[in-house]
Amino acid sequence: MTTVERIKIAKLIEAAFFVSDGPLSVKQLKTELLVNYQLNHQQIRDVIDELVIKYKNSGVNLVQVASGYRFETISELNEDLAFFVAKLTKEKTPKYSRALLETLALIAYKQPITRGEIEEIRGVAVSSYIMKTLLERNWVKVVGNKEVPGRPSLYATTKAFLDYFSLTSLSQLPELLPMADLGAIDRPLQALV
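Note that my numbering has the sequence shown beginning at 52, numbered continuously upward.
Treat the hints as calculated values from the structure; they're not laboratory data.
DSS-like, lysine-lysine: derived pairs with alpha carbons at most 30 angstroms apart:
hint	residue 1	residue 2
1	Lys-62	Lys-105
2	Lys-59	Lys-78
3	Lys-78	Lys-192
4	Lys-210	Lys-107
5	Lys-161	Lys-183
6	Lys-81	Lys-59
7	Lys-161	Lys-192
8	Lys-105	Lys-210
9	Lys-138	Lys-210
10	Lys-78	Lys-62
Use the sequences and the hints to build the structure in full.
In structure tokens, the structure reads:
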């Protein structure tokens, strides 16, 4: 690949990340954007790595999440930048209840898990609204049924969950506090948001 071709490909990939509604994978870039170029996955990753470096000291970073790569505001100032950037958008950040966040955390840390197991750990019933919200957001999905009477659904997180929380894998979740420590905290669970 010549230098001119490499610059053109880098500009194409960069533009694709800017206009995309969600993360883009190397495979998507190869099959949907760069179909007229004879590039292998490593060559595309090399261009992405150059873009990561290019944006390292700017207001946005090119970051890898579970589904691919996307631009995000810089993490050191994320809250400050988010406040000002939010003024430009009409979409309001949704507020989630403590019950929803606790349910999501249990699914993330204990997956696959049944609704009954979540209720047993939390000590209260999980409302249908909470499960419906998590399923509609595509943060959780049914991955099977537990081999017990009634065959309850087993829930697990999705790539959309990882993408939303800027994770590439579940191994990046913060360390889970013992339940005794969680009871001492009298504030909403914010470890995942």
